[in-house]
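Asks: Just so we're aligned: the sequence shown equals residues -21 to -1, 1 to 182 in mature numbering (1 follows the signal peptide of the UniProt record, and there is no 0).
If you are wondering where the hints come from, they were derived from the structure by calculation, not from laboratory data. Since the model is a prediction, treat every value here as computed from it, not as a measurement. Backbone N, C-alpha and C define an ideal beta-carbon position, used for all residues, glycine too. Be aware that one or more of the hints could be misleading.
[Claimed, not checked] Label-pair restraints from in silico Cβ distances:
{"id": "1", "residue 1": "Ala87", "residue 2": "Gln111", "range": "16 to 24 Å"}
{"id": "2", "residue 1": "Glu160", "residue 2": "Glu37", "range": "35 to 43 Å"}
{"id": "3", "residue 1": "Val154", "residue 2": "Ser180", "range": "35 to 43 Å"}
{"id": "4", "residue 1": "Ala34", "residue 2": "Lys95", "range": "34 to 42 Å"}
{"id": "5", "residue 1": "Pro157", "residue 2": "Arg29", "range": "39 to 47 Å"}
{"id": "6", "residue 1": "Ser180", "residue 2": "Pro157", "range": "24 to 32 Å"}
{"id": "7", "residue 1": "Val154", "residue 2": "Ala34", "range": "31 to 39 Å"}
{"id": "8", "residue 1": "Met123", "residue 2": "Ser180", "range": "37 to 45 Å"}
{"id": "9", "residue 1": "Arg38", "residue 2": "Met123", "range": "37 to 45 Å"}
{"id": "10", "residue 1": "Arg107", "residue 2": "Glu16", "range": "31 to 39 Å"}
{"id": "11", "residue 1": "Val154", "residue 2": "Asp119", "range": "39 to 47 Å"}
{"id": "12", "residue 1": "Ala24", "residue 2": "Met123", "range": "33 to 41 Å"}
{"id": "13", "residue 1": "Thr19", "residue 2": "Glu61", "range": "18 to 26 Å"}
{"id": "14", "residue 1": "Arg159", "residue 2": "Leu23", "range": "17 to 25 Å"}
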Amino acid sequence: MKRIFIATAIMAVFGGAISLAACTPEPRETPPTPASEETTDFSLAPYPVRLRADASLERITAPQSGYFDTGSWQIADDAPGERLITLALPGSNDITAAHWRLGTSQDAQAVSNCLKLPPNGHSQPTVRIDDQDFQAFTLDDAGMSHFQQVAGYRAVIDDTCYAIDLIVNGTRGEVYDPPREPPFSSDHAMQRLREINDGLSLP
């Protein structure tokens, strides 16, 4: 009789444990950190262009140049122009940096060549930005331990060439001892940079 009672008690304990496990929710993955809900407005005089962007982005005002970058108003430095604004993703460093750039030119040669692919560029489907059609392209460069990925957009509006360049570049972390981790992946960076296009207001 005692054996029957003990067996019944054990079954009750295991049954309760199974029921409790069935009611325990599955652990949830931590979602990625979203972009800041705060925004900053930029008026890009003398052109009738405005930009509303995530407030966490850093505006770069110092002249820029690097392994691939000439510091020009656009990737293909073939005519005079003006770089209106450069924004950097938070966390950008010497391992991986991500920049959104807008440049313009009213130079006759720049306007004439505005929609031409840069060297090594790969044509992409037309992209609509603020109700304007932009010729899109991608471009990848690599040299030594350096890399660069570019998504570019070009349009001629009111006799002005508008050049938007999304640039992710840096140095491969595995060449360091010990290896260094990038602050973000190239795919994540490009996704964040593309979102900036949505805040652009054009003539």
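Asks: So, for every hint listed, does it hold in this structure?
Replies: Evaluation of the provided hints:
1. Range check, alanine 87 to glutamine 111: Cβ separation about 21 Å, and the 16 to 24 Å hint holds.
2. Checked against the given bound of 35 to 43 Å, the beta carbons of glutamate 160 and glutamate 37, roughly 20 Å apart, lie outside it.
3. Taken as a hint, the range 35 to 43 Å holds for the pair valine 154 and serine 180, whose Cβ atoms sit roughly 42 Å apart.
4. At about 35 Å, the beta-carbon gap between alanine 34 and lysine 95 stays in the expected band of 34 to 42 Å.
5. Between proline 157 and arginine 29 the Cβ separation comes to about 45 Å, which falls inside the hinted range of 39 to 47 Å.
6. Look at serine 180 against proline 157: about 46 Å separates their beta carbons, and that is not inside 24 to 32 Å.
7. With their beta carbons about 34 Å apart, valine 154 and alanine 34 fall inside the hinted range of 31 to 39 Å.
8. Judged by the Cβ atoms, the range 37 to 45 Å given for methionine 123 and serine 180 holds: they are separated by roughly 40 Å.
9. Remark: the range hint 37 to 45 Å for arginine 38 to methionine 123 is contradicted by a beta-carbon distance near 30 Å.
10. The hinted range of 31 to 39 Å is not satisfied by arginine 107 and glutamate 16, whose Cβ atoms lie roughly 25 Å apart.
11. In this structure the supplied range 39 to 47 Å is violated for valine 154 paired with aspartate 119, their Cβ-Cβ distance being about 18 Å.
12. About 40 Å separates the C-beta atoms of alanine 24 and methionine 123, a value consistent with the hinted range of 33 to 41 Å.
13. The hinted range of 18 to 26 Å is satisfied by threonine 19 and glutamate 61, whose Cβ atoms lie roughly 21 Å apart.
14. Look at arginine 159 against leucine 23: about 35 Å separates their beta carbons, and that is not inside 17 to 25 Å.
Taken one by one, the earlier hints fail for this structure at numbers 2, 6, 9, 10, 11 and 14, listed in ascending order.
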